[in-house]
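Engineer: One-letter residues, chain by chain:
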Amino acid sequence: MTRLVRRRYLALKIDCEEPVEPKAVSDAVWNAFLRLFGEVGASQAGLYLVGFDKEKKSGVLRCGHGALPMVRAAIASITRIDDKPAAVHVLRVSGTIKALNRKL
Amino acid sequence: MKFVDLHLCASWKDSEQARRLMSKSAELGYKQVGVPVPQGFADEAVKQMRQISEEAELDFVTRVDLAPRSPGELLAGLRKFRRSFEVVSVLCSSKAVARQAGKDRRVDLLCSVSFDPKRRFFDRAEAELASVSGAALEIDLAQVLTNLEERSSVGLFTRLRRELATAKSFGVPVVFSSGAINPLLLRKPQDYAALAYLFDVDAGFALDALSKNPAGIVERNRQLQSPDYVAPGVRLVRRMRKL
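Chains as they are written, first to last, in numbering that gives the first Met the number 0: chain A, 0 to 103; chain B, 0 to 242.
Mixed in with the good hints there might be a few duds.
[Said to hold, decoys possible] A short, non-exhaustive set of chain B residues, derived as facing chain A with CB atoms under 8 Å:
1. Glu15
2. Asp190
3. Ala193
Just so you know, the hints here were simulated from the structure itself, not pulled from any lab data. Heads up, the beta-carbon is just placed ideally off N, CA and C, and yes, glycines get one too.
Using the sequences provided together with the hints, build the complete structure.
Structural biologist: This is how it looks when you write it as structure tokens:
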């Protein structure tokens with residue numbers, strides 16, 4: 000059976016000198032996306048932070064296949080998380096979490 | 000693909016900051032970095048910076064940023080510095096300077112002082128001149144990031160979109176550099192290419208602006224500065240021993 004929505008999973012690595020909370024990362028991505036593409040764009044992107052490792056400062060973000068270029072642009076534009084200077088790097092992109100873990 | 004960042008603002012006074020920037024660049028996948036050398040800096044400082052970049056396994060490119068106030072000052076600067084640096088960029092602070100820089104073959108990169116539309120001079124006339132002389136349009140993406148943070152980005156996107164479309168239509172090469180003074184403003188080349196999506200640039204064009212175009216400028220200038228260079232298309236292959 001084919002899925003109605005094709006998804007993409009992005010492995011993220013946070014570059015920040017201070018500890019970061021998963022909620023703060025999710026908020027930073029959402030805020031960047033809303034600022035650049037508005038509420039209609041955000042509603043179509045299907046953004047969801049699947050998991051986040053606080054110690055490694057890395058996580059997995061899910062989005063719709065069609066919104067991938069917009070999501071990557073929004074992620075690249077993040078310069079602060081929870082008002083602390085930060086950068087978010089995309090390590091890998093994959094169609095399933097299993098393949099993403101294998102690639103990493 | 001060999002990624003190049005022609006504008007890494009490593010500090011000449013703080014070697015630790017330079018080391019952090021260079022090692023971050025290498026970690027993010029860059030192979031070649033250009034660092035602007037302040038005028039009047041000694042060869043020793045350049046050697047030290049080259050050593051720092053070699054420690055990070057990066058190819059070091061010397062670059063000079065000329066910020067002339069008049070076309071005459073630009074010509075004097077080019078005469079003085081062209082042969083000493085691998086990349087020459089010109090900060091176009093007025094239309095007259097921009098036009099002179101656009102038509103001069105010795106200029107590699109055309110930069111703008113700010114994102115204020117009144118202080119950017121890359122238009123169709125400038126693109127036409129640059130397409131003949133071979134100068135490239137440089138855009139600092141770290142500067143874009145800081146501007147996104149500070150103010151509404153509508154004007155910024157409009158301006159950059161227009162400039163990039165003009166450069167594309169006239170065949171002017173575009174170079175995306177970081178212009179970063181802080182490692183947190185550095186991004187992977189693919190992430191910078193993703194950021195260029197905001198200016199209606201496709202991924203292939205953006206990746207060329209981060210790899211092929213800057214690498215081509217460095218290679219061309221290294222060939223020109225090589226002792227084996229004779230004339231365009233003529234190069235010394237082997238030296239004969241005196242009989």
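Engineer: Each hint needs a verdict: does it hold in this structure or not?
Structural biologist: Evaluated hints:
Checking glutamate 15(B) against chain A by beta carbon gives a least distance of about 15 Å; that is not within 8 Å, so the hint is violated. Checking aspartate 190(B) against chain A: minimum C-beta separation of about 4 Å stays under 8 Å; hint holds. Using the Cβ-Cβ criterion of 8 Å, the hint placing alanine 193(B) at the interface with chain A is satisfied: the shortest such distance is roughly 3 Å.
In summary, the one numbered hint that this structure violates is 1.
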